[in-house]
Amino acid sequence: MPQITVDYSDRLADDFDRPGFARALHTAVVDIAAAKPPACKTQFRRTEDAVVGPDTEGHAIVHVHIGLLAGRSEETRSRLTDVVLDLLRQYVKPAGSLAVHASAEVRDLDPSYRKYDA
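Residue numbers (this note's numbering): 23 to 140.
I should point out that these hints are in silico values taken from the structure, not numbers from a laboratory. A hint or two may mislead.
Cβ pair distances, simulated, as ranges [claimed, not checked]:
#, residue 1, residue 2, range
1, Lys-115, Tyr-138, 32 to 40 Å
2, Gln-112, Asp-71, 22 to 30 Å
3, Asp-32, Gly-89, 19 to 27 Å
4, Ala-35, Ser-134, 32 to 40 Å
5, Glu-97, Ser-125, 18 to 26 Å
6, Ser-95, Asp-29, 38 to 46 Å
7, Lys-58, Glu-97, 17 to 25 Å
Every value quoted in this text rests on a predicted model; they were computed, and no experiment measured them. We treat Cβ as the ideally placed atom computed from N, Cα and C, and that holds for glycine.
Assemble the whole structure, with the sequences as input and the hints as a guide.
Here's what the structure looks like:
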């Protein structure tokens, strides 16, 4: 915990400082949601196609999913979501006129969540 997944359009591969974003995001999760630094794990998944409305060109999408153990207030989750969007503005710098559609969600992990570290 927390489990963080970032889906992003392949058009952003060279324009998204993923390591910098992950470090800044981990700091925010520790500060806002009281996570422990070694528990922060982020996976980045590049997606090949993005379609926005009728357009298949000129758009890129970034969506950040953060799963936390239950118990955080709605205020905490909302604050963290706002910080995620601010960080995306800092770490995603598309070249040209590419329209970036960024979103984030912070949710409670299901009670069935388990993990092990080997």
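Hints and how they fare:
1. At about 37 Å, the CB distance of Lys-115 to Tyr-138 agrees with the hint of 32 to 40 Å.
2. Separated by about 26 Å at the C-beta atoms, Gln-112 and Asp-71 satisfy the suggested range of 22 to 30 Å.
3. Against the hinted window of 19 to 27 Å, the Cβ-Cβ separation of Asp-32 and Gly-89 comes to about 24 Å, which satisfies the hint.
4. For the pair Ala-35 and Ser-134, the supplied restraint of 32 to 40 Å holds, since their beta-carbon distance comes to about 34 Å.
5. Remark: the range hint 18 to 26 Å for Glu-97 to Ser-125 is upheld by a beta-carbon distance near 19 Å.
6. Against the hinted window of 38 to 46 Å, the Cβ-Cβ separation of Ser-95 and Asp-29 comes to about 26 Å, which falls outside the hint.
7. Lys-58 and Glu-97 have their C-beta atoms about 21 Å apart, which keeps the hinted 17 to 25 Å range intact.
Against the hints set out earlier in the document, a violation occurs for number 6 only.
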